[in-house]
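Enquirer: Read off the chains here:
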Amino acid sequence: MSKKNAVNYSNVTSETPMTVGDYTEIVQMKFNVPNVLEGNLMDAHFLHYSPMARKVREVFLQEGFRFEILSDPAQMNYFWMGGLFTLVYMYDRQTVYYHRNSDAVEKLLQEFPHLRSSPLELVVNNMETPGNKILHESLHFINFKEFLGARLARYRADMTASELQSWILDYLAIESVVLTVEFLASIVPPSQIGTFARISSCNFVAHYPEDYETVLAFGVKKNGARMTAELMYLGYLAANLHPTAKECPPDVLEFFLDRCADAELVRRITTRTFQLNVNFRTVANPVHFLSLGFEGDYLKVLAEMDWKTVLMSPQVYRVFEFNFDLFLKETLVV
Amino acid sequence: MKPAVSKFMQPGHDLAMTVGEYLDMVQMQMNVSNTLPGNLLDAHFLYYSPIAKKIRETVLKEGFQFKQLRDPDEMNFFWMSGVFVLNYMYERRTIFYHKNDEAMANLVRLYPQFRNSPMQTVGVVMDIPGNKTVHEGLHMLNFKKFFGEKLPGFTSDQTLQQQGETMMKYLVIESVVLTVEFLSSLVPNIPVSRIAAMMGCNHAAHYPEDFSTLLGLGAKSHGAHVTFEILFYSYLGANLYPNEERPPQALFEKLVAQYRDAELVRKVLEIAFRLSVRFRATSNPLYFASMGFEGDYNSVASTLDWDWVAGHELTREVMRYNYDEFLKDTFFV
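Top to bottom, those sequences are chains A and B.
Residue numbering for the first sequence follows the working numbering, beginning at 295 and increasing consecutively.
Residue numbering for the second sequence follows the working numbering, beginning at 885 and increasing consecutively.
No lab work stands behind these hints: they were computed from the structure.
Mixed in with the good hints, there may be bad ones.
[Said to hold, decoys possible] Per label pair, the in silico range of CB-to-CB distance:
1) GLU504(A) to GLN1133(B): 33 to 43 Å
2) GLU905(B) to PRO367(A): 20 to 30 Å
3) GLU440(A) to GLU941(B): 42 to 52 Å
This one's a predicted model, so the numbers in the text were calculated from it and none came from an experiment.
No residue lacks a Cβ here, since even glycine has one placed at the ideal position from N, Cα and C.
Bound-form chain A, shown alone (with noise of 0.2 Å):
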């Protein structure tokens, strides 16, 4: 929810080029979809291509998590200008804030009517306008109760190395399998329609076609959905594990070769997982354990961590389970 989470149209899928104006009547589509957010940019669009997003909301819901669209002016500019940390701030208060982004084409049309036929991506991409990232929001909330309950585990000077490694790994699971379901709930159609909705619903989006291959055929088709979403979920924890390589080492290319016969599979969901933002992984992560109180050399204590045993260990099994029954079971067929 951030200005650096600008919706991005440049993996538009194309077909033929499209105008603004085309764009707007995309988005001022009717879906019949139950729990659509008002406001957010092509919500029902997203809920209606996608089964995983549709049931994440469900799940959300029923948890009893609430939804709010950002109107106070003070509130506005925390969430604008407060970057990764309005996580824990929503989470405290169990509900994701989002900001009404669903006309800010349309408002600027109505200050500058000439761009109705200027081209589309050249008008969007100099705009700013965020996208809601509700499924990956939502997807924290949901693990977060599940496996961390109501409020989120500070660091405590008095943990030993053992509970800090498992105080950090509880959060890393969490976030491989945020990326996960939501990599693969970006499996949409490749329609105009659905690579608008899930560009502007997703942090990470799966690009296609070659992404979509390599989850659709050379995955769920050859080896099963549950192998599928488990190398990838193993994958993104294994490239959080090792924050500064940008391709997958080759050790860790052996442990996963040994677990998956599959070897093209291998190499292609590591080779997807490792693209995982260095930035993020180096900067961004660290960060967020300050905010929950840690101070120490966050690297360091990655390092001193046993990569292969953690990957195998039943605290990571569990958040891939759960999220496997919960969302990916039913809907991650070919």
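Fit chain B to the known structure of chain A by using the hints.
Expert: Below, chain B without anything else, positioned relative to chain A:
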């Protein structure tokens, strides 16, 4: 109004300080007039930059007003509309700005442990926007002076030449705005003033290289007026050659023939051509599209011959007005 704190990470801005030290700095009181409540380091910038002080004074004298964004719809419009807010503001004779002075203090209230953390670490993952009041203020003043009440637009019955002339006027004004803004950011080399300049300007001078180019090689050796002219022509060149990452050789040679200092010209051109190609090649045409231009920007822009634009009477008037108004009494070594 782009995020500015990430500029801490730019070359020449290695400002090592803790969040606590930064907050102490923000709270310092400076004795200057016309400051804007809620605008981060506003008083500090006016205190250290006589050029910025003069611009603020002139903006107010000319009847423009500043307004802090409070209405949720308007806030959303300003946060999301990127390059399109300038004309919206001019039509209302109002420079809108974000309340951004408490962003870090609010965060420290929630997370007191950040007080001892490096500013570079915490600041860089936030999105505090700078309110570019110097840049916008200069646009307002030049629009009023050279365009009057209503900004000229584009219609389909205009000839290519007429459209080119209108574009030329906007590009000349954009170039002088960039020039004066950049010079206003040459403030004393202490963290408080340099961070203040970064928050107040779209394009701030890097320390020490830009300072030594403009003050040492430029103003000290050739005087303020010549330095201003070279920087202005360099920005004009960057706008007239929007797809060029590097200064064209022909432009370099023209400016060297005129000013006879190849090193200074080369270094100043490099400053101006740091202006993002994406901005020059896509934001500028889009800005014109918002005013009704429907043609191919490159084909019209290519009619803007350097000699014609640089020697145009309007260009000379724009240079004269801005130098006399904002720089003559303030820009010296």
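Enquirer: Confirm or reject each hint.
Expert: Quick rundown of the hints versus the structure:
The beta-carbon spacing between GLU504(A) and GLN1133(B), approximately 42 Å, falls within the hinted interval of 33 to 43 Å. Here the CB-CB span from GLU905(B) to PRO367(A) is close to 29 Å, well matched to the stated 20 to 30 Å. Between GLU440(A) and GLU941(B), the C-beta spacing of about 59 Å breaks the proposed range 42 to 52 Å.
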